[in-house]
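4 protein chains.
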Amino acid sequence: MKRDKLGLDRIIFFSDAVFAIAITLLSLDLRLPANTQQDSVGYDLIRLLPEYQSYATSFIVIGLYWISHHHYFRFIRRYDYLFVAINIGLLMCIAALPFATSVLDTYSNHRSAVAFYALCMMLTGLMKTWLWHYATQNFRLVHRRLSVQRIRLLTQRALIPPLVFAASIGLAMLSPALAKLSWGAIALVFF
Amino acid sequence: MKRDKLGLDRIIFFSDAVFAIAITLLSLDLRLPANTQQDSVGYDLIRLLPEYQSYATSFIVIGLYWISHHHYFRFIRRYDYLFVAINIGLLMCIAALPFATSVLDTYSNHRSAVAFYALCMMLTGLMKTWLWHYATQNFRLVHRRLSVQRIRLLTQRALIPPLVFAASIGLAMLSPALAKLSWGAIALVFF
Amino acid sequence: MKRDKLGLDRIIFFSDAVFAIAITLLSLDLRLPANTQQDSVGYDLIRLLPEYQSYATSFIVIGLYWISHHHYFRFIRRYDYLFVAINIGLLMCIAALPFATSVLDTYSNHRSAVAFYALCMMLTGLMKTWLWHYATQNFRLVHRRLSVQRIRLLTQRALIPPLVFAASIGLAMLSPALAKLSWGAIALVFF
Amino acid sequence: MKRDKLGLDRIIFFSDAVFAIAITLLSLDLRLPANTQQDSVGYDLIRLLPEYQSYATSFIVIGLYWISHHHYFRFIRRYDYLFVAINIGLLMCIAALPFATSVLDTYSNHRSAVAFYALCMMLTGLMKTWLWHYATQNFRLVHRRLSVQRIRLLTQRALIPPLVFAASIGLAMLSPALAKLSWGAIALVFF
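Residue numbers (the numbering used here), protein chains in the order written: chain R, 7 to 197; chain V, 7 to 197; chain S, 7 to 197; chain H, 7 to 197.
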């Protein structure tokens, strides 16, 4: 269990860099179709609307995960290498989100695509919950004075998104549109 | 409203990383045509001149936005999560600039392309202005001793580019060349 | 031999950034086949299983190298430019690992592919060992009070993976499957 | 002329990130030919030898530029925004080096390719020299106690590579091989 500040800073820095790269790589999917003609640019730019939407959504999703990472890490004081490993597991999920989003965009109404996206989001949420649970168990890596209530509250808030996404995997088999709607429940919890 | 230094540093760091990735990805567009022959390399390298020009322009545009981000953030002392969210919105615009530039390069004299570029630049500028306005309103996130005059001056300077770009969207419908010329007005303000 | 903190921080930072980019670029290989039909998405997503596996493995391998880099650098106190150069050599190996993994994935049972992967891993491990050996020789760049036993232990642990991988290059000529199995020996040492 | 530490740190950090991305993107050029057959992997991996060589060379060239950036920036104490702008100009050259290298690799014995590479390297070197000259002129951004001799020595060392590359542009017209050989003169100066 290390307390060295530089060591913890490197972990945070490394996470930030992965988040930043994953979020910026999203822009690589913004592309005019190769066969665009000079006189149809305007039309083609408008036809890309779903691509802009998907770019914005993914950017916001990864952005929110980064904000959440930022928020939870403010309570971390020490680290051990299992903690680092779980954090890398979380980053592995984050770096895969652009792929999950592109699947959802290309086949937005297909049940498999919706279920796949929900699965990825569920895994990401579980990783985050595990990271937080591991860090706070018996105040392992957080400050002693962090109140038990606050720890529990943050655990619950971390747990809600993956639970909703898990439920929506089954729902997607019945109706992809309903499953997507259910994701809105997460927003309701936080606002 | 947090004052923790590491928290603010992470926000700045994350922004820098997104800027750095967006600016470096520009170089991915520098490519020899696939069908280059051994004996026409020299000619092909010269024919890429518009690509070099566009690379340099985009690099400078994103670079200037980074300098401006750097400049404005020197006055930020605290943060809250709405501020972080607006900043992510700004980064979303920045990361999309390479796409906007590539559209402008490919169809440089087409009114839709010019208008689209102006639209992106306008959104980026508005985001920056919003970020600054939010931070300085009632000295929310800046130092109390920052003079009201300076805040107002910086707000005005932030507002000029998006206003010019907004006007140039209409202008582009009449004449793309004129619209591009009008962008020069921004430079006049700053030098 | 410099002791300036910022200088050392930049070296660490630069390394972290290269690790982060290499690890995030892995996700670029996650792609649905171009000819996916609307009604076979589910099937296609399942057929990508080897790609997910390879993504996870590569992520973990580079992640472990980063953890190890993090662990060893905690003992570094100073730097000179030969140390920086060896570190860049190590980063050169790290940045090439995604390529080595993609070779192994595409031809997973082919002896050349297995031998090539083992060769890359061996070079990476040797670079890391060299870096550590250079830094600790006569306490060149580490703290005087770091015990000789600990230095030796860390050298030995750094040396085991490249030795196993070197042996597995020969083994791969006889049996690629056996060579891959032998890599498991590394895990045995560390757990 | 600012002295704020965070401001200077951000400039250094941003530069490091651009260097790190440019250097890591080099690995994207390592690719097996698309038509590789299962039974020719070994042969194909060997046939990629020029690609490995070019990867290593580019990695070393950008790495050396980073080391040099690291070395020169140790003397910088303050910054102004013209300094930041010149630094962005230098980064623009750095981010273009992977393209220059790929041109040189694909047409290694063609005079235009050699001249183009020399031109890029010359521009990069001149940018670095300009940055240093600007920072040290009348001790503008460096510590007063930095000796004039040291400043001059570092200026001269910064100036040698661009001068050699400039001369080699003309030489490349006569003999590309001779031009490449002349680049070795730079190494002679530094070792």
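Keep in mind that a hint or two might mislead.
If several chains are the same, the list does not tell them apart, and a pair holds so long as it fits within one copy or across any two.
Here are the computed lysine to any residue pairs in the SDA-like style, where the Cα-Cα straight-line distance is at most 20 Å [unchecked claim]: (1) Lys186 / Leu51; (2) Lys186 / Gly48; (3) Lys11 / Ser153; (4) Lys186 / Leu169; (5) Lys11 / Phe79; (6) Lys11 / Ala173; (7) Lys11 / Thr63; (8) Lys11 / Arg84; (9) Lys11 / Phe145; (10) Lys11 / Arg146; (11) Lys11 / Leu184; (12) Lys11 / Phe81; (13) Lys186 / Ile66; (14) Lys11 / Ile82.
The hints are simulated quantities; they were obtained by calculation from the structure and are not laboratory data. Owing to the predicted nature of the structure, the values given are computational and were not obtained by experimental measurement.
- Are there hints from earlier that the structure breaks, and if so, what are their numbers? Of the numbered hints given earlier, those the structure breaks are 3, 6, 7 and 11, listed in rising order.
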